[in-house]
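There are 2 protein chains.
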Amino acid sequence: MLNATAHRHQVVIVGAGFGGLEAARRLGGQNVDVTIIDRSNHHVFQPLLYQVAGAALDISQIAWPIRHVLHRFKNVTTLMAEVSGVDAAHRIVQLTDGTRIAYDTLILATGATHAYFGHDDWAQYAPGLKTLGDALSIRQHLLTVFEQAEREPDAEQRRRLQTFVVIGAGPTGVELACTIAELAHEEIHEDFRHIDTRKARVVLVEAAPRVLSGFPETLAEYAQRTMQQLDVEVLLDHPVTECRADGVVCKDQFIGAGAVFWAAGVRASPVAQWLDVPADKAGRVKVERDLSVPAQPEIFVIGDAATLQQENGKPVPGLAPAAKQEGRYVADVIRARLRGSAPPAPFRYRDYGNLSTIGKHTAVVDFGKVQLRGRSAWVVWAVAHIYFLIGVRNRLLVALNWLWLYIKGERAARIIISRKT
Amino acid sequence: MLNATAHRHQVVIVGAGFGGLEAARRLGGQNVDVTIIDRSNHHVFQPLLYQVAGAALDISQIAWPIRHVLHRFKNVTTLMAEVSGVDAAHRIVQLTDGTRIAYDTLILATGATHAYFGHDDWAQYAPGLKTLGDALSIRQHLLTVFEQAEREPDAEQRRRLQTFVVIGAGPTGVELACTIAELAHEEIHEDFRHIDTRKARVVLVEAAPRVLSGFPETLAEYAQRTMQQLDVEVLLDHPVTECRADGVVCKDQFIGAGAVFWAAGVRASPVAQWLDVPADKAGRVKVERDLSVPAQPEIFVIGDAATLQQENGKPVPGLAPAAKQEGRYVADVIRARLRGSAPPAPFRYRDYGNLSTIGKHTAVVDFGKVQLRGRSAWVVWAVAHIYFLIGVRNRLLVALNWLWLYIKGERAARIIISRKT
Numbered sequence: 006m007l008n009a010t011a012h013r014h015q016v017v018i019v020g021a022g023f024g025g026l027e028a029a030r031r032l033g034g035q036n037v038d039v040t041i042i043d044r045s046n047h048h049v050f051q052p053l054l055y056q057v058a059g060a061a062l063d064i065s066q067i068a069w070p071i072r073h074v075l076h077r078f079k080n081v082t083t084l085m086a087e088v089s090g091v092d093a094a095h096r097i098v099q100l101t102d103g104t105r106i107a108y109d110t111l112i113l114a115t116g117a118t119h120a121y122f123g124h125d126d127w128a129q130y131a132p133g134l135k136t137l138g139d140a141l142s143i144r145q146h147l148l149t150v151f152e153q154a155e156r157e158p159d160a161e162q163r164r165r166l167q168t169f170v171v172i173g174a175g176p177t178g179v180e181l182a183c184t185i186a187e188l189a190h191e192e193i194h195e196d197f198r199h200i201d202t203r204k205a206r207v208v209l210v211e212a213a214p215r216v217l218s219g220f221p222e223t224l225a226e227y228a229q230r231t232m233q234q235l236d237v238e239v240l241l242d243h244p245v246t247e248c249r250a251d252g253v254v255c256k257d258q259f260i261g262a263g264a265v266f267w268a269a270g271v272r273a274s275p276v277a278q279w280l281d282v283p284a285d286k287a288g289r290v291k292v293e294r295d296l297s298v299p300a301q302p303e304i305f306v307i308g309d310a311a312t313l314q315q316e317n318g319k320p321v322p323g324l325a326p327a328a329k330q331e332g333r334y335v336a337d338v339i340r341a342r343l344r345g346s347a348p349p350a351p352f353r354y355r356d357y358g359n360l361s362t363i364g365k366h367t368a369v370v371d372f373g374k375v376q377l378r379g380r381s382a383w384v385v386w387a388v389a390h391i392y393f394l395i396g397v398r399n400r401l402l403v404a405l406n407w408l409w410l411y412i413k414g415e416r417a418a419r420i421i422i423s424r425k426t
Numbered sequence: 006m007l008n009a010t011a012h013r014h015q016v017v018i019v020g021a022g023f024g025g026l027e028a029a030r031r032l033g034g035q036n037v038d039v040t041i042i043d044r045s046n047h048h049v050f051q052p053l054l055y056q057v058a059g060a061a062l063d064i065s066q067i068a069w070p071i072r073h074v075l076h077r078f079k080n081v082t083t084l085m086a087e088v089s090g091v092d093a094a095h096r097i098v099q100l101t102d103g104t105r106i107a108y109d110t111l112i113l114a115t116g117a118t119h120a121y122f123g124h125d126d127w128a129q130y131a132p133g134l135k136t137l138g139d140a141l142s143i144r145q146h147l148l149t150v151f152e153q154a155e156r157e158p159d160a161e162q163r164r165r166l167q168t169f170v171v172i173g174a175g176p177t178g179v180e181l182a183c184t185i186a187e188l189a190h191e192e193i194h195e196d197f198r199h200i201d202t203r204k205a206r207v208v209l210v211e212a213a214p215r216v217l218s219g220f221p222e223t224l225a226e227y228a229q230r231t232m233q234q235l236d237v238e239v240l241l242d243h244p245v246t247e248c249r250a251d252g253v254v255c256k257d258q259f260i261g262a263g264a265v266f267w268a269a270g271v272r273a274s275p276v277a278q279w280l281d282v283p284a285d286k287a288g289r290v291k292v293e294r295d296l297s298v299p300a301q302p303e304i305f306v307i308g309d310a311a312t313l314q315q316e317n318g319k320p321v322p323g324l325a326p327a328a329k330q331e332g333r334y335v336a337d338v339i340r341a342r343l344r345g346s347a348p349p350a351p352f353r354y355r356d357y358g359n360l361s362t363i364g365k366h367t368a369v370v371d372f373g374k375v376q377l378r379g380r381s382a383w384v385v386w387a388v389a390h391i392y393f394l395i396g397v398r399n400r401l402l403v404a405l406n407w408l409w410l411y412i413k414g415e416r417a418a419r420i421i422i423s424r425k426t
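Residue numbers (our numbering), protein chains in the order written: chain A, 6 to 426; chain B, 6 to 426.
Isolated chain A, as found in the complex (with noise of 0.2 Å):
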């Protein structure tokens, strides 16, 4: 066992999202000696995954290692391996390659993956956006559907190859459109000879009578008008009924594409397989007040692993605020009980508002009571996203290369990797 000499109170926390991130950070110091597992080296910045993917942005801009995130807290050790499952009776966790971890309390945050409504056989055909790889994956896709197209001497097949298919119009469904649209549309016309980019078709396919379900409805459908004049075609009250390698089936009707994209569901990871205890429907583990699982006060899941009702009937949002809100309250919970005083009060979930960008110029951003859109929501926007992330170096490079882009209109990363090349 990696950790059998220690002697001080053990925390493992699973998953360096923004919510296990920000738990180990605020355990980082005190008087616990902490173990953050990820399977992946690095901490992403999802909110920007759809800018990777639209090569606007580089991997390293919005991605850093997760122990140097952590360096400095000496406490905190930092793993990068998979793990495979929970012996909560023993207060164990298991790795993929045999090795156990023992803990005193354990922090489970691992997050979601894309749902296909049991059609998983459809990923290999409409790749979703949550990590990395899937980013660099689209990005790969996209720009090199242009080039088959650019070759393709058939004009029925340029048409197809040009056709792009995104499934969900949630944020992520709305803003890789738009981005795929302005790409083709604005950007890179110039480049090829034999096709006109600016004739490509993006179209945003969704099963709900509306976009962006979870804005209020004058929000949605300024979205949605400013989606048409970036020449994006909404097709609402479709829900896809097959993917297939050339397009996708909505509605009885099937649209021939280059390239088709999931952004329509998430299903939680197997963590209450791991604990077998009550799920919701999307597979996340309904905690307590306090985040911990049900008579199991030792272990806590935060983040989309999980689900919580508010008092207002809602539950908390699948949201980056909302996971990071969540792991300082877990951390806060641990400390308070190290120390032998009173429990914070429950968790409660404070709502700074939700943001979506349409396109490079405009955007949502519902603050209750207060609504913006329009260039000066997009500004709200960048200037949330830029002080949000992590380093000065990265804000200071992500903010040069959003001027690049918004001046020259060159995208920065229209890099197609392959081992080959």
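Please keep in mind that the hints were generated in silico from the structure rather than gathered at the bench. Treat the hints with caution; some may be incorrect.
No copy is singled out in the list; a pair is fine if it fits within one copy or between any two copies.
Claimed, not checked - The calculated SDA-like cross-link candidates involving lysine to any residue, where the alpha carbons are at most 20 Å apart (straight line), are:
1. LYS79 - GLU152
2. LYS79 - GLU195
3. LYS286 - ASP159
4. LYS79 - HIS199
5. LYS374 - PRO244
6. LYS79 - ARG203
Here the structure is a predicted model, which means the values were calculated and not measured.
Starting from the structure of chain A, add chain B where the hints point.
For chain B alone, coordinates are given in the frame of chain A:
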């Protein structure tokens, strides 16, 4: 055939490295149709590849989409495709997908790849550094080994994992070994808890009796001393006789290693086979004084795929400036032929000097009569490399990245990516 309807003189360029790209630019706007074919979508600034491998620079900082670099030349078409052969009798370039492209004049600028002296199976254990894909593989391997060592319970295995062997002490090998040593010894040791990366072993293995054989003896000696100060072990007169998954055998000595990298030999791309013409030992086509293939004046071979003896008896070196000069020269030959004017004088390589960094603070520069070393040479190197980077934005970003690395000792790009993460 992709260009069958064209009426103007057709120039086809295979390869968009320094030579091919320069030829395309010089033919841009002229009264010819130019098609430039490369199997990747980007031009790479190869002299800085080792910094991508060493996680100091990100990929988009040293790579640019070929079609974007050439987009303002409307007579130039870029194709991302792989060439399978040349039918010189019918003046056709064949692509792997069966497409055939007719040429009136052909420029082959396909570069070189690693050569394992007949041991092609070593490639899997000792990857080389020629492409962005190579650089990313090396970066992943390098960073992953430290993660493995951090989790490894066995002390001997930990020592082996933290041993890095670089084979070949030319500029690439020297630069790679130094960047690994600085990464391990100076920059990341505070990020780990179970290993001390300052004790990592970096071994540079060379079959010849000295390092940097292309440089004067005094500079080579200086480089070797500086490397020893950086704790790089230099083993001269140590030809490698075996590469294995767990290390290398050289001069009857086994060196266990977590990672082995190859910088020992290159072989030209199979241009000589395509054309069925004489080549030297490294597969380079022996070209005429105007860089054309003997008895085939409509075919030129330039850069690392060609060899030409200079008046001083030495071959034109396999360096970026030489390839660029050759690209410009053949474009001028073609322009003269089209105008019907006298051909330019035979090609002469202008030697502007030879540079290599020895770590991130020093370098050696050989201007022939003048030789520089140490910090001043590094400044010359940095200015030259920033200057020759293509875009203004990239120059700025690379300069910023270096500044950050040198001030804060933080590498920007320490990100391990896999499809799973």
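Intra- versus inter-copy proximity for ARG203 and LYS79 (alpha-carbon distance at most 20 Å) = Result: close only across copies, 17 Å inter versus 54 Å intra.
request  = At 20 Å max between alpha carbons, let me know whether LYS374 reaches PRO244 within a copy, between copies, both or neither.
outcome  = Intra 32 Å, inter 73 Å, cutoff 20 Å: neither.
inquiry  = At most 20 Å between alpha carbons: which applies to LYS79 and GLU195, within, between, both or neither?
reply    = between (53 Å within a copy, 9 Å between copies)
query = Checking LYS79 and HIS199: alpha-carbon separation at most 20 Å within a copy, between copies, both or neither?
reply = between (58 Å within a copy, 11 Å between copies)
inquiry  = As a check of your reading, is LYS79 near GLU152 (CA-CA no more than 20 Å) within one copy, between copies, both or neither?
reply    = For LYS79 and GLU152, only the inter-copy Cα distance (17 Å) is at most 20 Å; the intra-copy one is 49 Å.
query = Quick one: LYS286 to ASP159, C-alpha cut-off 20 Å, is that within a copy, between copies, both, or neither?
reply = neither (45 Å within a copy, 44 Å between copies)
In this structure, the hints that do not hold are numbers 3 and 5, in rising order.
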